[in-house]
Amino acid sequence: MMEATEETRGDWRVVCVKGRADAEAADALESALRSAVEANAKVAADFSALDYISSAGLRAVLQAARAAQTKDRVFAVCGMSASVKKVFDMSGLHQVLTIHGELPC
Amino acid sequence: MLEEVVLLAVDERTGSLRSTREFGTAYALVGALFFDLALARKIDTDTETIHIIDRTPTGQPTVDRVLAGMADKPQLTTVRDWIEEIFLRRDDLEGEALGSLIAQGILRHEKTKRLWIIDVERFPLVNDRPQQHVKARLAEAILTDAIPETRDIMLVSIAEQCGLLGYVLSGTQLSSRRHRIETLSKLETISRKVNEAIAGLDANRQQSIGKIV
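Chains as they are written, first to last, in this note's numbering: chain A, 2 to 106; chain B, 529 to 741.
Simulated from the structure, these hints should not be mistaken for laboratory data.
Nothing here was measured: the structure is a model prediction, and the numbers come from that model.
Fair warning: there could be bad hints in the mix.
Coverage of chain A stretches by chain B, computed from C-beta distances (three or more under 8 Å per stretch; other residues unrestricted) [as the list claims (entries may be wrong)]:
{"hint": "1", "stretch": "18-25"}
{"hint": "2", "stretch": "58-67"}
{"hint": "3", "stretch": "90-98"}
No residue lacks a Cβ here, since even glycine has one placed at the ideal position from N, Cα and C.
Using the sequences and the hints given, assemble the complete structure.
Put into structure tokens, the structure is as follows:
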């Protein structure tokens with residue numbers, strides 16, 4: 002079960018993601034991140050309440066980042082828990098995405 | 529994915545297959561099959577384990593046979609276990625992909641004799657567009673810094689493991705983009721586990737050679 006809510010902080014649109022980002026939630030996650038990217042110049046995915054991310058979830062984040070890159074928007078992932086960060090680190094996603102320890106705003 | 533990789537292995541001039549009978553390539557083809565299952569939303573993975581999320585058939589016989597086999601063995605849970613399991617009973621993944629490409633009118637099958645006795649099989653391209661499309665996607669994924677589509681990330685890793693990138697890009701291009709290829713090849717759990725399996729195979733081979741010498 003995953004939940005995504007949005008809020009504005011400074012000039013960033015923050016998508017707060019909570020729960021599990023697995024195959025069941027991947028479409029909803031990608032859609033939430035993409036729609037924020039469509040409408041905002043700077044988007045941060047706040048993963049501080051994300052408990053788990055699978056390969057399908059990582060693909061969703063990566064494809065949202067791709068959409069941001071195509072539209073020349075700023076996209077960052079932030080606030081990951083140790084277990085989620087481990088998955089990102091193993092995948093080497095820090096070489097492809099902008100990742101912050103804390104929210105950039 | 530499996531069909532795209534096998535299509536890439538067909539020499540566009542002669543119709544012969546490039547080095548796809550090696551064990552390392554066999555592992556990579558198993559990886560391609562798992563990517564087909566992931567793209568069809570039948571399985572999901574995390575850093576170690578694999579989960580079946582939907583058992584309904586896709587309509588692709590090879591993929592469905594493997595999916596049904598996985599559903600029958602719930603005791604196997606890790607990606608690595610499943611790569612080894614499918615590798616051991618992999619049947620002829622390459623032959624099935626070739627059969628499908630022939631049925632789609634992309635390849636044709638020719639059987640000739642060399643020196644009157646040795647059977648030689650070739651698979652000349654009937655329609656070269658699909659192969660050109662696969663090559664163009666690979667070139668774009670590797671030569672640019674843009675984030676590729678999921679399917680193209682998977683394709684780069686499998687083509688690399690099969691040793692097929694040299695048929696798409698020059699040696700200079702490959703060496704200048706080595707870091708990019710390695711980054712893309714590491715993104716997916718399935719790719720990393722296939723790489724581990726191939727590395728294990730290479731280590732065993734080196735050990736065997738060492739014993740003989």
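So, going through the hints one by one against the coordinates:
Note: the stretch 18-25 of chain A has 3 residues with beta-carbon separation from chain B under 8 Å; the three-residue rule is met and the coverage holds. Given as covered by chain B, the stretch 58-67 of chain A passes the check, having 6 residues with a CB less than 8 Å from a CB of that chain where 3 are the minimum. Under the rule that three or more residues need a Cβ within less than 8 Å of chain B, the assignment of the stretch 90-98 of chain A holds, with 6 such residues.
Violated hints: none; the structure is consistent with every hint.
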